[in-house]
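Engineer: Sequence:
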Amino acid sequence: MNHSIYTADRTTHLKVAVTGLLAGIAVVATTLTVHLAQPELSLQKAKTLAVHQARPMHALTEMAQR
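Here the sequence shown is numbered in the working numbering, starting from 1 and rising by one per residue.
To be clear, the hints were calculated from the coordinates, so they are not data collected in a lab. Being a predicted model, the structure only gives us computed values, none of them experimental. Be a bit skeptical, because a hint or two may be false.
Using C-beta positions, here's what the derived DEER-type ranges look like [stated by the list, open to error]:
#  : residue 1 : residue 2 : range
1  : E40       : H3        : 33 to 41 Å
2  : K15       : H35       : 37 to 45 Å
3  : E40       : D9        : 29 to 37 Å
4  : Q38       : K15       : 33 to 41 Å
5  : G24       : S4        : 19 to 27 Å
6  : T31       : A8        : 26 to 34 Å
7  : T11       : L32       : 29 to 37 Å
8  : A26       : S4        : 38 to 46 Å
9  : L36       : Y6        : 40 to 48 Å
10 : D9        : Q38       : 29 to 37 Å
11 : H13       : T33       : 25 to 33 Å
12 : Y6        : Q38       : 22 to 30 Å
13 : A26       : H3        : 37 to 45 Å
14 : V28       : A8        : 21 to 29 Å
We treat Cβ as the ideally placed atom computed from N, Cα and C, and that holds for glycine.
Could you build all of it, start to finish, from the sequences and the hints given here?
Structural biologist: What follows is the structure, encoded as structure tokens:
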């Protein structure tokens with residue numbers, strides 16, 4: 001096995017490429033397993049936000065009183 005990237009031959013490159021491919025497959029498999037086992041984790045709850053009218057004079061009054 002070559003320990004330098006500059007002198008790496010074809011088999012060393014193949015080993016690195018296969019290792020990277022297997023690591024990517026492992027990450028995808030783990031993600032799919034968790035997603036399929038617990039689908040409720042991916043649901044996003046709808047948030048209700050109350051929107052009020054802006055009162056710029058009210059904010060200025062509070063700042064002036066401090």
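Engineer: Can you give the numbers of the hints that this structure goes against, from lowest to highest?
Structural biologist: 1, 2, 3, 8, 10, 12 and 13
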